Amino acid sequence: MDDLTLSDAERLRYARHLSIPGVGEEGQLRLKRSSVLLIGTGGLGSPAALYLAAAGVGKLGLVDDDKVERSNLQRQILHGESGVGRPKLESAKERLREINPHIEVVCHESRFTPDNAEKLVAAYDLVIDGSDNFPTRFLSNDACYFARKPLVYGSIFRFEGQLTVFAPHLGGPCYRCMLPTMPPPGAAPSCAEAGVLGVLPGIIGTLQAMEAIKLLLDVGEVPLGKLLCYDALRTSFRTLRLSPDPACKLCSSEASLRSIRNPETLTDPSCTMPDIPSISVDELDARIRSGKPYVLIDVRQPEEHAEHSIPGGKLIPLDELPGRLEEIPRDGEVLVHCKAGGRSARAVSLMLESGIPGAINVAGGIDAWLKRSGT
Numbered sequence: 001m002d003d004l005t006l007s008d009a010e011r012l013r014y015a016r017h018l019s020i021p022g023v024g025e026e027g028q029l030r031l032k033r034s035s036v037l038l039i040g041t042g043g044l045g046s047p048a049a050l051y052l053a054a055a056g057v058g059k060l061g062l063v064d065d066d067k068v069e070r071s072n073l074q075r076q077i078l079h080g081e082s083g084v085g086r087p088k089l090e091s092a093k094e095r096l097r098e099i100n101p102h103i104e105v106v107c108h109e110s111r112f113t114p115d116n117a118e119k120l121v122a123a124y125d126l127v128i129d130g131s132d133n134f135p136t137r138f139l140s141n142d143a144c145y146f147a148r149k150p151l152v153y154g155s156i157f158r159f160e161g162q163l164t165v166f167a168p169h170l171g172g173p174c175y176r177c178m179l180p181t182m183p184p185p186g187a188a189p190s191c192a193e194a195g196v197l198g199v200l201p202g203i204i205g206t207l208q209a210m211e212a213i214k215l216l217l218d219v220g221e222v223p224l225g226k227l228l229c230y231d232a233l234r235t236s237f238r239t240l241r242l243s244p245d246p247a248c249k250l251c252s253s254e255a256s257l258r259s260i261r262n263p264e265t266l267t268d269p270s271c272t273m274p275d276i277p278s279i280s281v282d283e284l285d286a287r288i289r290s291g292k293p294y295v296l297i298d299v300r301q302p303e304e305h306a307e308h309s310i311p312g313g314k315l316i317p318l319d320e321l322p323g324r325l326e327e328i329p330r331d332g333e334v335l336v337h338c339k340a341g342g343r344s345a346r347a348v349s350l351m352l353e354s355g356i357p358g359a360i361n362v363a364g365g366i367d368a369w370l371k372r373s374g375t
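With full-length UniProt numbering applied, the sequence shown covers 1 to 375.
Derived by calculation from the structure, the hints in this document are not laboratory data. Please read these numbers as outputs of a predicted model, since none were measured by experiment. Just so you know, even glycine gets a beta-carbon here, dropped at the ideal spot from N, CA and C. Where hints are given, some of them may not hold.
Result set (SDA-like, lysine to any residue): computed pairs, CA atoms no more than 20 angstroms apart in a straight line [claimed, not checked]:
hint : residue 1 : residue 2
1    : Lys371    : Arg111
2    : Lys292    : Arg324
3    : Lys226    : Leu179
4    : Lys149    : Pro114
5    : Lys119    : Arg97
6    : Lys292    : Glu307
7    : Lys214    : Val23
8    : Lys314    : Ser354
9    : Lys314    : Leu350
10   : Lys226    : Pro244
11   : Lys249    : Asp367
12   : Lys249    : Gly225
13   : Lys214    : Leu227
14   : Lys93     : Glu104
15   : Lys149    : Thr113
16   : Lys59     : Leu227
17   : Lys149    : Gly220
18   : Lys226    : Arg241
19   : Lys59     : Ile99
20   : Lys119    : Glu98
21   : Lys149    : Leu227
22   : Lys292    : Lys314
23   : Lys226    : Gly198
24   : Lys59     : Gln74
25   : Lys59     : Pro21
26   : Lys149    : Ala255
27   : Lys59     : Arg30
28   : Lys93     : Ser82
29   : Lys226    : Asp245
30   : Lys119    : Asp65
31   : Lys292    : Ile328
32   : Lys214    : Tyr51
33   : Lys214    : Ser354
34   : Lys371    : Ile328
35   : Lys371    : Glu307
Label-pair restraints from in silico Cβ distances [what the hints assert, rightly or not]:
hint : residue 1 : residue 2 : range
36   : Lys292    : Leu266    : 33 to 39 angstroms
37   : Cys229    : Glu303    : 27 to 33 angstroms
38   : Gly22     : Leu179    : 41 to 47 angstroms
39   : Thr5      : Leu179    : 43 to 49 angstroms
40   : Leu233    : Thr5      : 43 to 49 angstroms
Please put together the full structure from these sequences, using the hints given.
Given below as structure tokens:
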């Protein structure tokens, strides 16, 4: 890829950009030389990646270790029916190369962790966080802070979304200025638990792509110190002021954090509750093979259960559990699983409090079970 000029095919492709004051050929070349790391190719990462690819950002790095599930397709528009069961990165790369064959798509098939975060962030100009858990958000924030790279943040919940840019090196606050400490396990339900209207991540993810392009082109005003809040039901946007926290333990003069390896970033992304009895999926398999009596409860939603399930499991969605506790025996082992371990941990906590002493969480949930079996 020649970063110094635009080919005839590229000039035709980006013709509408070339005529915009503030972009033009110089700006398009700037995009061509730029690189963006996207954490996640799900609801937010899908539209962001599509529009960055279409805009001609020269290098897109994708971080994901998940596989496409049918329940993803309602909002994760990078993927289609033919991708179900395949690694998300395979599906994403094919789609992005179809959108724009002139760009480079680099696949990082792993979770974004303290072991790889610094190396990944260092290789790109900015980061778009499309994650859905607090530890990864803290980690992306910390890694970008130490690397002096802008972080384009987005989040969604049912009919509401948020967007901002965290960049202390540009004069704005960091994520820890907005959220100083890790919320307790269960404080924020996942999309599977709470639901999300499929078009909502499309709106917020597209806004993330817009802010990334503005940063790369150095045009306009990015929302440093502003949290954009979108309410789909009221068709309204409002902006909340975010100020740098003078006591922030990462970006203030009183900072105490010196590494991306800290209590928040080292927390399990499933945010499993502490002091909950648990077993691994290997131990679950041993229980199944042993023939010893046990009860297996699946606390996911019906559509998740219909797509993949562990043999012998009984479906009791977490939101129905308080009213169905009488269906669960008070003696013997009650093994509980969800997708990744967070919902099942909360279910086990409820069961223990309700007099079901044999309740045990299956750590890692069905994701770990499928990965173990190579499904």
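Structure-based check of each hint:
A distance of roughly 14 angstroms separates the Cα atoms of Lys371 and Arg111; the hinted pair therefore holds under the 20 angstroms criterion. Pair hint Lys292 plus Arg324 does not hold up; C-alpha atoms about 24 angstroms apart against a cutoff of 20 angstroms. Between the alpha carbons of Lys226 and Leu179 the distance comes to roughly 14 angstroms, so the proposed pair stays at or under 20 angstroms and holds. About 16 angstroms separates the Cα atoms of Lys149 and Pro114, which keeps this hinted pair within 20 angstroms; it holds.
The suggested pairing of Lys119 with Arg97 is violated, with an alpha-carbon distance near 25 angstroms, which exceeds 20 angstroms. Between Lys292 and Glu307, the direct Cα distance comes to roughly 27 angstroms. Violation of the 20 angstroms bound is thereby established for this hinted pair. A distance of roughly 10 angstroms separates the Cα atoms of Lys214 and Val23; the hinted pair therefore holds under the 20 angstroms criterion. Under the criterion of a C-alpha separation no larger than 20 angstroms, the hint pairing Lys314 with Ser354 is consistent with the structure, at around 19 angstroms.
Only pairs whose Cα atoms come within 20 angstroms are accepted, and Lys314 paired with Leu350 is accepted, the gap being roughly 17 angstroms. Straight-line distance between C-alpha atoms of Lys226 and Pro244 comes to about 11 angstroms, which keeps the hinted pair within the 20 angstroms bound. With a C-alpha separation of about 34 angstroms, the suggested pair Lys249 and Asp367 falls outside the 20 angstroms cut-off, and the hint is violated. A distance of roughly 18 angstroms separates the Cα atoms of Lys249 and Gly225; the hinted pair therefore holds under the 20 angstroms criterion.
Between Lys214 and Leu227 the CA atoms are separated by roughly 17 angstroms; this keeps the pair inside 20 angstroms, and the hint holds. A threshold of 20 angstroms between alpha carbons decides the hint, and for Lys93 with Glu104 the separation of about 9 angstroms falls inside it, so the pair holds. With a C-alpha separation of about 17 angstroms, the suggested pairing of Lys149 with Thr113 holds against the 20 angstroms cut-off. The suggested pairing of Lys59 with Leu227 is violated, with an alpha-carbon distance near 27 angstroms, which exceeds 20 angstroms.
A hinted pair counts as satisfied when its Cα atoms are at most 20 angstroms apart, and Lys149 with Gly220 qualifies at roughly 18 angstroms. Restraint check: the Cα-Cα separation between Lys226 and Arg241 comes to about 5 angstroms, which is no more than 20 angstroms; the hinted pair holds. At most 20 angstroms may separate the alpha-carbon atoms for a hinted pair to count; Lys59 and Ile99 meet this at roughly 14 angstroms. This hinted pair does not check out: Lys119 and Glu98 have alpha carbons roughly 28 angstroms apart, beyond 20 angstroms.
About 19 angstroms separates the Cα atoms of Lys149 and Leu227, which keeps this hinted pair within 20 angstroms; it holds. Distance hint between Lys292 and Lys314 is fulfilled; the C-alpha atoms sit about 17 angstroms from each other, no more than 20 angstroms. Restraint check for Lys226 and Gly198: not satisfied, since their Cα atoms lie roughly 25 angstroms apart, outside the 20 angstroms limit. A threshold of 20 angstroms between alpha carbons decides the hint, and for Lys59 with Gln74 the separation of about 27 angstroms lies outside it, so the pair is violated.
Under the criterion of a C-alpha separation no larger than 20 angstroms, the hint pairing Lys59 with Pro21 is inconsistent with the structure, at around 24 angstroms. Simply put, Lys149 and Ala255 have alpha-carbon atoms about 18 angstroms apart, close enough for the 20 angstroms limit, and the pair holds. For the given pair, Lys59 sits about 12 angstroms from Arg30 by alpha-carbon distance, which is consistent with the 20 angstroms threshold. Pair hint Lys93 plus Ser82 holds up; C-alpha atoms about 14 angstroms apart against a cutoff of 20 angstroms.
Of the pairs offered as hints, the one joining Lys226 and Asp245 holds, with about 14 angstroms between alpha carbons and a cut-off of 20 angstroms not exceeded. For a cut-off of 20 angstroms, the pair hint linking Lys119 to Asp65 stands: about 17 angstroms separates their Cα positions. With a C-alpha separation of about 17 angstroms, the suggested pairing of Lys292 with Ile328 holds against the 20 angstroms cut-off. At roughly 13 angstroms between alpha-carbon atoms, Lys214 and Tyr51 fall within 20 angstroms of each other, so this suggested pair holds.
For the hint linking Lys214 to Ser354, the alpha-carbon distance of about 53 angstroms lies beyond 20 angstroms, and the restraint is violated. Restraint check for Lys371 and Ile328: not satisfied, since their Cα atoms lie roughly 28 angstroms apart, outside the 20 angstroms limit. Using a Cα cut-off of 20 angstroms, the hinted pair Lys371 and Glu307 holds, with the two alpha carbons roughly 15 angstroms apart. Judged by the Cβ atoms, the range 33 to 39 angstroms given for Lys292 and Leu266 holds: they are separated by roughly 35 angstroms.
About 29 angstroms separates the C-beta atoms of Cys229 and Glu303, a value consistent with the hinted range of 27 to 33 angstroms. Our hint of 41 to 47 angstroms for Gly22 and Leu179 is violated, since their Cβ atoms are close to 34 angstroms apart. For the hinted restraint 43 to 49 angstroms between Thr5 and Leu179, the CB-CB distance of approximately 44 angstroms keeps it satisfied. For Leu233 and Thr5, the Cβ-Cβ distance of about 48 angstroms falls inside the hinted range of 43 to 49 angstroms, so the restraint holds.
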